[in-house]
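Trainee: Input sequences plus hints: build the corresponding full structure.
Number of protein chains: 4
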Amino acid sequence: MSTKTLAQVAQHKSADSCWVIIQNKVYDVTDFLPDHPGGAEIILKYAGRDATSVYEPIHPPDALEKNLPLSKHLGPLSADAVEAMEKQRESAKKTQDEIRVEQARKRMPPLIRILNLTDMENVARQILSHKAWAYYSSASDDGITNIENARAFNRFFFRARVMRPVSKCDPSTTILGFKSRIPVFVSGAALAKLGHPDGEINITKGASKGGIIQMVSSNASLSPNAIMDAADQYQTLFFQLYKHRNDEVAEKRVRDIERLGYKAIFLTVDAIVAGNRERDVRSPWILEEQENGPVYFDVLKGTEQAGEVNIFGTAGALIANDDRDMTWEKTIPWLRSMTKLPIVIKGVQCVEDAVLAAEACCDGILLSNHGGRQLEYSLPPLEVLYSLQQQRPDVFQRLEVYIDGGIRRGTDVVKAVCLGAKAVGLGRPFLYAQSAYGAAGVAKVIEILQREIVTAMRLLGASTVKDLRPEMIQRADWQPVLSKL
Amino acid sequence: MSTKTLAQVAQHKSADSCWVIIQNKVYDVTDFLPDHPGGAEIILKYAGRDATSVYEPIHPPDALEKNLPLSKHLGPLSADAVEAMEKQRESAKKTQDEIRVEQARKRMPPLIRILNLTDMENVARQILSHKAWAYYSSASDDGITNIENARAFNRFFFRARVMRPVSKCDPSTTILGFKSRIPVFVSGAALAKLGHPDGEINITKGASKGGIIQMVSSNASLSPNAIMDAADQYQTLFFQLYKHRNDEVAEKRVRDIERLGYKAIFLTVDAIVAGNRERDVRSPWILEEQENGPVYFDVLKGTEQAGEVNIFGTAGALIANDDRDMTWEKTIPWLRSMTKLPIVIKGVQCVEDAVLAAEACCDGILLSNHGGRQLEYSLPPLEVLYSLQQQRPDVFQRLEVYIDGGIRRGTDVVKAVCLGAKAVGLGRPFLYAQSAYGAAGVAKVIEILQREIVTAMRLLGASTVKDLRPEMIQRADWQPVLSKL
Amino acid sequence: MSTKTLAQVAQHKSADSCWVIIQNKVYDVTDFLPDHPGGAEIILKYAGRDATSVYEPIHPPDALEKNLPLSKHLGPLSADAVEAMEKQRESAKKTQDEIRVEQARKRMPPLIRILNLTDMENVARQILSHKAWAYYSSASDDGITNIENARAFNRFFFRARVMRPVSKCDPSTTILGFKSRIPVFVSGAALAKLGHPDGEINITKGASKGGIIQMVSSNASLSPNAIMDAADQYQTLFFQLYKHRNDEVAEKRVRDIERLGYKAIFLTVDAIVAGNRERDVRSPWILEEQENGPVYFDVLKGTEQAGEVNIFGTAGALIANDDRDMTWEKTIPWLRSMTKLPIVIKGVQCVEDAVLAAEACCDGILLSNHGGRQLEYSLPPLEVLYSLQQQRPDVFQRLEVYIDGGIRRGTDVVKAVCLGAKAVGLGRPFLYAQSAYGAAGVAKVIEILQREIVTAMRLLGASTVKDLRPEMIQRADWQPVLSKL
Amino acid sequence: MSTKTLAQVAQHKSADSCWVIIQNKVYDVTDFLPDHPGGAEIILKYAGRDATSVYEPIHPPDALEKNLPLSKHLGPLSADAVEAMEKQRESAKKTQDEIRVEQARKRMPPLIRILNLTDMENVARQILSHKAWAYYSSASDDGITNIENARAFNRFFFRARVMRPVSKCDPSTTILGFKSRIPVFVSGAALAKLGHPDGEINITKGASKGGIIQMVSSNASLSPNAIMDAADQYQTLFFQLYKHRNDEVAEKRVRDIERLGYKAIFLTVDAIVAGNRERDVRSPWILEEQENGPVYFDVLKGTEQAGEVNIFGTAGALIANDDRDMTWEKTIPWLRSMTKLPIVIKGVQCVEDAVLAAEACCDGILLSNHGGRQLEYSLPPLEVLYSLQQQRPDVFQRLEVYIDGGIRRGTDVVKAVCLGAKAVGLGRPFLYAQSAYGAAGVAKVIEILQREIVTAMRLLGASTVKDLRPEMIQRADWQPVLSKL
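Protein chains in written order, with this note's numbering: chain A, 1 to 485; chain F, 1 to 485; chain L, 1 to 485; chain D, 1 to 485.
Some clues are possibly wrong.
Any copy will do: because identical chains look the same in the list, a pair fits if it lies in one copy or spans two.
Unchecked claim - The list that follows gives simulated cross-link-like pairs (lysine-lysine, DSS-like), each with its CA atoms no further than 30 Å apart: (1) LYS106 to LYS131; (2) LYS45 to LYS106; (3) LYS168 to LYS252; (4) LYS330 to LYS168; (5) LYS209 to LYS25; (6) LYS252 to LYS72.
The set of hints was computed from the structure by calculation and includes no laboratory data. Computed from a prediction, not measured in an experiment: that's the story for all the values here.
Mentor: Below, the structure written as structure tokens:
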């Protein structure tokens, strides 16, 4: 393959012949345009030129290889072209958003002054690009489920016990038999590179330092083996599987994962279609307005273009090919047949399905509504956990139960464990931490949680997680305040 | 009849002899003054001159013909007079409100950027005249019922089911046997011309495009046949009947409606007298103050004129002659006797009356408190639906149940259908949409709802409306947040 | 008695010899100083000079005669002195508060634009002197009871009935056998002269026009016979009795009242000691700061003077001599023994005492916590009414039940009547109305309530008060919004 | 021992040799550095110089003697050195915070204008140093428990009784047999010298004047005998014991206390480890930023120094050596064996532990979550009291029950007594009062409470505390407003 010049590439800038440059390589994506999950429009915007900056943080790195036949890999850019592009990038005017981020990063407080997870989120809100913040923070519709997930913890109070020996207090536990220093794991959270160039590896290194388990998403911005490579020798990683609708593709993914050394499969069932995340959908418009001013009325234009808006946002593209027809009867046995790994169902949202999971002999369930990013008005996971404990305590004997969504304090973790959760997952806090402070930020989050958990356990009269019992919890029949000091 | 000059008309500007010009025709309304439902005062304000601009958007177009004997139709204006008036209108100074609206219309966002019904309402709030906004948005007393209608949906959460095949998802249904692409219809909403010169026809055309049924109000600003004329060949229209207190007048209306091709009668029973809509009542004062500054204290004057305020607002006039003595025993059989159309009672507000409607063999009931515009503190329709499902599930077998009031999201629709509603009505959103973007706006609202409904159904594990079941709903015992992201 | 000069009076300005001028007459109040319910300090502030302006609006007009022996009535001022004082008043610099009130009164809206009782209160807040507003609006402690009284109505929704004949709708009722055009009466509200020079007579005249009954307070700023004189021939007045601790004084008061033609005794039992009304207590300080700037720290001074603050406010003085040892066994028979008038207990605050009142053969009870001005956290009267209806419906057969506190809308009245109240009392709204617009304002309040009551009854399916039934009410298990449109 | 010069001391300013000056005496604290509960870092900041200003208000005065062998007491400063230091202090530039406090103290209102405990807190907020306010006001995590403690009172309403004789009303009671003028005591509150140079003695003198009992904290900034010395002859003092983990040290403390004349032991069990009081932890940073501007990002530095932050705040240091392994079986008999004083368990937080305390034959329990400063989401003490009254009324017969946390009004006290509390404790209000107005402020708080309690009792129909009964309380099923008038 001969090298290509920028001029050559620039000639192919239409739907008839569409070339793009990704990391100094040239690809012919003309035939792929109609199949692009994010729509053809966004690719055509970069037709005939470099698309690396938008491609990289939101695509799994093997996306192009998987989707494009080798004949469309047109080869590398010429050395001159690479140099020219580099100069172009340097001299390009920064956007207002880039300038804002640059300045905010200079004003970040030292890590030592981050006292809790809200502090961490507040820093992240300042230093993230608008696009990254929109993707990380967005939730469905009016964001009510996202808020209610957290508010649910607000309704559960402690019946603290005194006069119990707690000078020794051990918050460690096991998850599917694997050790964890605290009953907390990293819940699958995608696209870490949007916030930090090292991406998910920050989380891997921080989790290693903090002694907890990372669940890696199918939609990570790094490949499963790149992440596994970053793990230390004794570190446990789980895999969050978005099952492809093509069973063969899905099977290959599962076998790869097991071979790479991942220790469990969390099958995602709460995100088979994209949630309505409006902040994420609006993000490009807001950036556009920031640079060029508001876009005004033109009914006809609006109507004609209606098909072009990527109404499903960033996430919509990622899951466009996932299996929307999974069933207990078909999918669990299929998965069992090809892997010895424990199987956990991620996204159970009511007692009935928890029971079905137990009957399907799953190894665990993660009560989750995807952080309020999918079905608006899905019950808060903590409320589902509480109902399960009230109505079907037997389920906790048959599989391990985890929850995620809305956890921000050590007391939140302790409440969930009291109500029967083996461990809890956190997602956004780790994305925020790695965006702001890299791996050190992730380790800091774990350190904060560990300190808060131990303090809460001691003041509750518990010296191990086994001492945390449902009768220590009282559900308030009023709505407590949420406001800060 | 000879033509009239402006000078001739101008001589008749008192209660003793009162002429007005409507659409270039002259009428003698002297004898009609005491019978005007909106009060004599407002007519006298325009005595001796052109009243078209205030007459047109708030009167059913056959109002004058129906109420005025032919002898009082004094004939057309002279051509000179028409021309003079035209010039007058052109040179007239615009009011502050007109200027505001004109500028706002230029700043409207393109339709493609309207992501949800709140976006649509926000645009409408900007571009509507003060009078139109006051009429459309006003509600009874302190507006509590209006807000509670919407807040009720906030209390109902989903017990979402996973691992169910939903790649195919069909949100269509039937209403009284007529097809509807989604379980949504346009609830009777009057005076569309206040917001857009094409009035209710915008809704008819948008409903045709979106595949849903329009219920046309007796108080529409276009006649029932004008609206029917705008419908496409296969389109279904229902009619919202405000029964006249004179049975003969009422009968003529019913027979006209059936003859025109309307497919069902929604008999309105929640608006037999005007609600206390203070925003609407205050509207003329606020406009007056906007132009001339505040009106200060004068007790005597205030006291003397007390009888002149139109305390019942725009709506009060529209329903002044409606039947306030309807009964189950008398009115339903009377209506049955003259039409084969299905009969739906619009405005049932408690379980007891739902049962009575079933016993009276009605074909359906629309649980409604008139969008919070009538009895303040009437229960939210969703709460009535929930009680009906809890206490008398048999009623759903005997007639179709619909609700309206407070619906703004696809999840709202899905909740109502889960609880037994065959379909839900929306009013204000369609008025706002047609005001801002005409028929395209109406179609957009339907498109948004359809997308939101399908997303919610899939994430809930439902592939048809039959899969939406009461057990998928859990009523929260706390008050969730209402705030946006 | 010789006339007195200003110079003569001015010599008696100490606790040793203290003269004051009231309405151009001179009194020696030296011996009375220790007995003054409001404390000696406030009198000494005006020693040796004219005290009319502070005396008049807050004392029953017979206070001096009753409390001072004839020998201390030193006779009239000389004509020169009267003239001199008049000039002094004219040339006196107005306070900032007086200037504010004067300007606000000029900006009052015409009465015709007052649509509801909140409008009326908003006008009153503008035009009342700081002292009057503080006295009228103040409530106990943190004002929670006052707010909760009104908020209680917010929790009760209507189960509205449709298809009932309501073209004829009669809201009239009887109270203790006396006719009332609507189920509303004026609850005892004191010191009307603080807001308007005509005082309680404004209410009497307005009540006459509106066809409702006025309950006159023992603490009115006009005498019972002055008020009765202002009534029309057929008008019914009730009397709110604050029983004096001296039975003989109390007996004289009762016999006077009956003789004057009052038709019932409302014995006040919820105000035997003063509530902690801090806004009222603070009022003089705030006025002082307004004129002279803030008062700064001086611990010693503060400590020494602690005894001098009138911590019980305006009301404390009024009720200082009331009977704090009334009992069912002793007080009711005593009262029965001296009057044939019906006896109503004003201030019942729980079901148990409602039952005791019935057993004591009282003619009625007024469920009231004195408008939230006495015991903070006394239950809202509407909640007590609801409990009474639920637990002891028999009580409603044995005596008439009324409530007051928090009523601002016709729907509030209708809710109370549905739950068994024969009528409801309003206090502050009438004080506000008479302060702003005199008798016309009072009539306006009644007119507004009548319109709102009739509208609510019709939309509820009721044509007489007998149709208003407990089953038409549903108590919400959530907290509805309070915000306005 | 020879006297030391400033130059001599200044040479020992490192971890290798660390001298400090406290109240003009020199100490060698080198060996003590690793054992300092507050961490070595804070001492090293003052190595080689005077540390009195930071040492004094937060250390029990015998701290140095107890912890430092005599050989490390290096003797007094030379007279020249003392003089030099004095001059230095005088010429030292005041910090922004000191200047703010100085000015605020000049603007304090006279004590006579303090009407309630909120007024007192508002003054204290103005005049306290940032550090003092942070320590006094701080609470755990997000401060929810602290707020909920107070909000709980908001949910309990009175069923007031009328027609009961209350002209005589006596609010006095006994606590463990000792007289108290009102059912209120001073709950252990530490470090009074942070707010006022006279420290806890202000409280002792104010309590004497007001006739109530003071519970003195182990962590008082004055020694137990200094406080006892300040008490009047007949005054009752209790002691709040933080049991040292070394039983011998603890025993000595108990025997000292009994010998000094304290009348009861309140064994603290709700603060065995430090709560997460972030406002207190942040306090030094905020002061630093106030003087020098914000501290910006340096990840490496942040990470290295992580061990140096005193994450447990001021309180953490105070309780670092307390016993974390107390049990009912071991600790209560141990305590009984060495003292005849009544034993009260301070910090019971659920019904189960109340029962265990009764079974362990304790004399009383103080339901408390340490003012929301320890376990976040511990139930509000009033809710625990209510549950105890509902579920185990027998416990009130077996020991005395007290509560503290959130009490700010006389009605709060009366509610707790109705529900079975023998008395209630207040902490922060007394700290605020003594900080602002010394002993006179403390007496004022008691005077306010007494007035409010008597008013509430009378309006409730109670003339002694025995008349206050559980049936006078109704728990609201809604959330009342908290807002002020």
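Trainee: Could you run down the list of hints and mark each one as holding or not?
Mentor: The hints, checked one at a time:
no. : hint             : in the structure
1   : LYS106 to LYS131 : both (20 Å within a copy, 29 Å between copies)
2   : LYS45 to LYS106  : between (32 Å within a copy, 28 Å between copies)
3   : LYS168 to LYS252 : between (47 Å within a copy, 26 Å between copies)
4   : LYS330 to LYS168 : between (48 Å within a copy, 17 Å between copies)
5   : LYS209 to LYS25  : neither (37 Å within a copy, 46 Å between copies)
6   : LYS252 to LYS72  : within (23 Å within a copy, 73 Å between copies)
Taken one by one, the earlier hints fail for this structure only at number 5.
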